[in-house]
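Q: Make a model of the complete structure from these sequences and hints.
If you read the sequence shown in the working numbering, its first letter stands for residue 29, the second for the next number, and so on.
Calculated from the structure, these hints are not laboratory results.
Given the structure is predicted, the values throughout are model-derived calculations rather than measurements.
Virtual Cβ for every residue (Gly too), placed ideally from N, Cα, C.
Fair warning: there could be bad hints in the mix.
Quick list of simulated restraints, FRET-style, between CB atoms [to be verified]:
#	residue 1	residue 2	range
1	35	116	19 to 25 Å
2	70	42	16 to 22 Å
3	123	39	17 to 23 Å
4	79	39	18 to 24 Å
5	39	116	21 to 27 Å
6	90	61	18 to 24 Å
7	90	116	20 to 26 Å
8	83	121	27 to 33 Å
9	81	61	18 to 24 Å
10	56	82	16 to 22 Å
11	67	149	15 to 21 Å
Only pairs whose alpha carbons sit at most 20 Å apart, straight line, appear in this in silico EDC-like list of lysine to aspartate or glutamate [as the list claims (entries may be wrong)]:
#	residue 1	residue 2
12	108	143
13	108	56
14	124	64
15	124	67
16	124	143
17	52	39
18	108	35
19	124	134
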Amino acid sequence: MVATLLDPVIDALSADAGASIEPKRLGDMLHMTQAEVADLAGVHRTTLARNPGSPEVQAKLGPIATILSRASDMGGGLAKAVIWFRHQPIAAFGYKRAVDIVQGGEAAQVLRWLDALEDGAYA
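A: Spelled out as structure tokens, the structure:
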């Protein structure tokens with residue numbers, strides 16, 4: 029096995045030689061169907077299925093992968109990060125879950141909030 033510079037979460041989302049996030053792997057990681065992943069990312073499910081490597085799809089999947097990676101690093105592993113992402117209400121966002129915030133097109137807000145947490149802000 030070749031060593032990688034990629035985070036284990038990000039590495040798990042791409043094929044061995046692939047340069048993109050695979051929607052199927054993301055769905056498996058989040059325990060979601062492809063239709064749910066498409067809805068989460070804000071792309072049509074047909075686009076997700078037919079052209080998963082397109083810049084549009086990858087631009088939508090990238091922040092989700094980054095959120096999971098950062099949460100995994102901060103929260104004790106991928107399994108806990110997935111539970112947090114799907115189920116934990118966040119007070120700073122009116123007790124919405126990260127999955128709901130991302131689905132609303134605000135993944136950047138979650139990333140900024142994670143930045144603040146890393147910098148020592150209170151959740």
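Q: Please go over all the hints and tell whether each is borne out by the structure.
A: Verification of the hints:
no. : hint                    : result
1   : 35 with 116: 19 to 25 Å : 21 Å, holds
2   : 70 with 42: 16 to 22 Å  : 21 Å, holds
3   : 123 with 39: 17 to 23 Å : 32 Å, violated
4   : 79 with 39: 18 to 24 Å  : 23 Å, holds
5   : 39 with 116: 21 to 27 Å : 24 Å, holds
6   : 90 with 61: 18 to 24 Å  : 20 Å, holds
7   : 90 with 116: 20 to 26 Å : 22 Å, holds
8   : 83 with 121: 27 to 33 Å : 28 Å, holds
9   : 81 with 61: 18 to 24 Å  : 20 Å, holds
10  : 56 with 82: 16 to 22 Å  : 20 Å, holds
11  : 67 with 149: 15 to 21 Å : 30 Å, violated
12  : 108 with 143            : 18 Å, holds
13  : 108 with 56             : 15 Å, holds
14  : 124 with 64             : 18 Å, holds
15  : 124 with 67             : 17 Å, holds
16  : 124 with 143            : 18 Å, holds
17  : 52 with 39              : 14 Å, holds
18  : 108 with 35             : 16 Å, holds
19  : 124 with 134            : 12 Å, holds
Against the hints set out earlier in the document, violations occur for numbers 3, 11.
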